[in-house]
Amino acid sequence: MNTLTVARFTLQEAISRRLILAGAILSLAFLGLFVLGFALIYHNSSELSGPLSDEQSRAMFGTIMSVMGLYAINFLAGFLALFLSVGAISSEIDSGALHAVLARPLRRAEFILGRWLAYAGLIGLYVGLMAGSLLLAAWLISDYAVPDPVRATLLMMLAAIVLLTVSLFGSTVLSTLANGVVVFSLFGLAWLAGIIEVIGGALSNQAMLNIGTAVSLLVPSDAIWRGASYYVLSPLYLAGVSANHEGIAIVGHSPPATAMVIWSVLYPLTLLGAAVLTFGRRDL
Amino acid sequence: MSLNLSAEPRAAGVAAPATVPAIETRGLRKVYGRTTVLHDLTLTVEPGEVFGFLGPNGAGKTTTVKILLGLVRATAGEARICGLPAGDLAARRRVGYLPENFRFHDWLTGAGLLEFHGRLAGLSEEERRARIPQVIRRVGLAGRGDARIRTYSKGMTQRIGLAQAIFHRPDLVLLDEPTSALDPVGRHEVRDLIRSLRDEGITVFLNSHLLSEVELVCDRAAIIDRGRVVRSGRLGELLGATSQLRVTIDRVNDDLLAALKRHAEVLAVEVIDAGIEPGGASRTLAGNGSVTVTLAVDDPEIAPLVAETVMRRGHRLHGLVPVHRSLEEVFMDLVEGGEG
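Here the protein sequences line up with chains Z and P, keeping their order. According to this note's numbering, the stretch in the first sequence is residues 1 to 284, in order. According to this note's numbering, the stretch in the second sequence is residues 285 to 624, in order.
A couple of the hints might just be wrong.
As the list claims (entries may be wrong) - Per the computed footprint, the stretches of chain Z lying under chain P, defined by three or more beta-carbons under 8 Å from a beta-carbon of chain P, are:
#1 1–9
#2 93–107
As the list claims (entries may be wrong) - Here are the in silico distance ranges between beta carbons for each label pair:
#3 R434/P with R107/Z: 27 to 37 Å
#4 P340/P with L284/Z: 21 to 31 Å
#5 G406/P with G188/Z: 22 to 32 Å
#6 K438/P with L177/Z: 24 to 34 Å
For the record, the hints were derived by calculation from the structure and aren't laboratory data. Glycine is no exception: its CB is placed at the ideal position from the N, C-alpha and C atoms.
Take the sequences, apply the hints, and build the full model.
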């Protein structure tokens, strides 16, 4: 019950501090720009499509624009997750505002879970609305329907929740500034490792592939995105990639491995447990 | 802005049994790295009393309070609140707390803060709705409950902090420097509020270094220095233990001083007028001057004995005034004297 009270309080805070209003305005601006850009490119696509048939051209542009749009949303959701939670606990401790709250009959675990629940809800809603709107716009403009929008969206939510949980855990052991430095570095590291892995795959370089896999285990956010992006790609595009051994470096050209999906679900749960333990033992 | 001091009915069944101490610590110890902040702190606060917890900065006052609330873990020892292990949820239900820095979520309104804390304290919606205006009025914030805390002055923030501490009708209120941001009128009002809480049977643990506040409102007090209780007891005992007697006489000599020393320690001899005749060890006044001899006495009741001693030796007694030392003087002696 107290967990829900803290979650409600956290959502109230997000509304009161105009986080939601600012996020909504910027998201609408992003979607507007995407629709405008996509429509302009799509209607001039005949000049770019070369020998492709109409159907091929539609699938190709639909795939590229959808995946690029979702990639941007994935980035924004990652930043949102990190910004929301980077000081979720540490700034409360630093300011002293937490002392009166935790003097109440409230378990520290309930406070952490309440915070996490509210942020995860906000991020889930953000990714769902943004990805849904973007894919709807892509379908309306180009008549391109992504193969599995639900799996793609759910995996994108998971990627953002992984980052959220990393940041929330960091917030229980580090100061806000130190946590910010660490989690943004990890975010960048995961992105870079993903690129190294893709290039390693194209070059059949095992060392590069191993680096990518190791970093994916440490911070699986980019690996999850690649899994999500696979469900956005049209079979036509994938056939072309398979034939030419070329593709977009930021997407995954094979479905996510089951082991990776299981790890990606266990990962935030484990970190959340660790956050509860470390915060529970910390002197305030 | 003024406090409303009308007593409130206590929630049925929440009062602690009168025999159980409101606070009890035994051998409480806290070590941070190589620094020992608390040394075997043993303390008992009886239910229904206002207890002052005094000490200089860094003495371990706030650490003690945080251990009582479960915000900090003790390295060793035991602490109980109303008979329950300190920090347990059941113990925290009985406690209201005003933190030292009184920092609250400033995006909330005053009423919103109470609503949030009321939910966490387990008050029903009906209770919260009824109590929010009552408590806001009680701490002198009537008409400002719907304003955001970020628009409050320091004093108003401290008042809303007091409101959240007493909102759920606790058995024990821990107040950490509750008047530090208030003007003299506000301080007076908070003292009255503390007295009214005592009248309602609520125990108040007042953590402060404002000694005059403690002197005015507390029944008992403990003085802590470098993590140790250096003295504790009823306020009268703390002050009375080091009372002084000022004896004003026409003249003084070694014979009289030796006689007085048999009753009390002579702290000072002060000649009030000029015209002293040189007389070896004896100091005798030529004019209408006087000499004040200050004695440290454990029992002010020895005053008649002192008067008799003076007059039997043929001295004229101009005055005999018992002087109670202020808590500040006692505190300074204990803390600077390094009794701890």
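Margin query: 27 to 37 Å was suggested as the range; check whether the CB atoms of R434/P and R107/Z agree with it.
Written below: Once the Cβ atoms are compared, 29 Å apart, the range 27 to 37 Å for R107/Z and R434/P holds.
Check: Mind checking, does the segment 93–107 of chain Z have 3 or more residues with a CB under 8 Å from chain P?
Finding: Since three or more residues must qualify, the claim that chain P covers the segment 93–107 of chain Z holds, with 12 doing so at under 8 Å.
Next item on the list: Mind taking a look at whether chain P covers the segment 1–9 of chain Z? Criterion is 3 or more residues with CB to CB distance under 8 Å.
Entry: The restraint on the segment 1–9 of chain Z holds, since 3 of its residues have a Cβ under 8 Å from chain P and three suffice.
Notebook entry, point to check: Is it true that the C-beta distance of G406/P to G188/Z lies inside 22 to 32 Å, as the hint says?
Noted result: 45 Å, violated
Next item on the list: Can you let me know if the beta-carbon spacing of K438/P and L177/Z is within 24 to 34 Å?
Entry: 27 Å, holds
Item checked: L284/Z and P340/P - C-beta distance against the hinted 21 to 31 Å -> 23 Å, holds
The structure does not agree with numbered hint 5 stated previously, though it agrees with all others.
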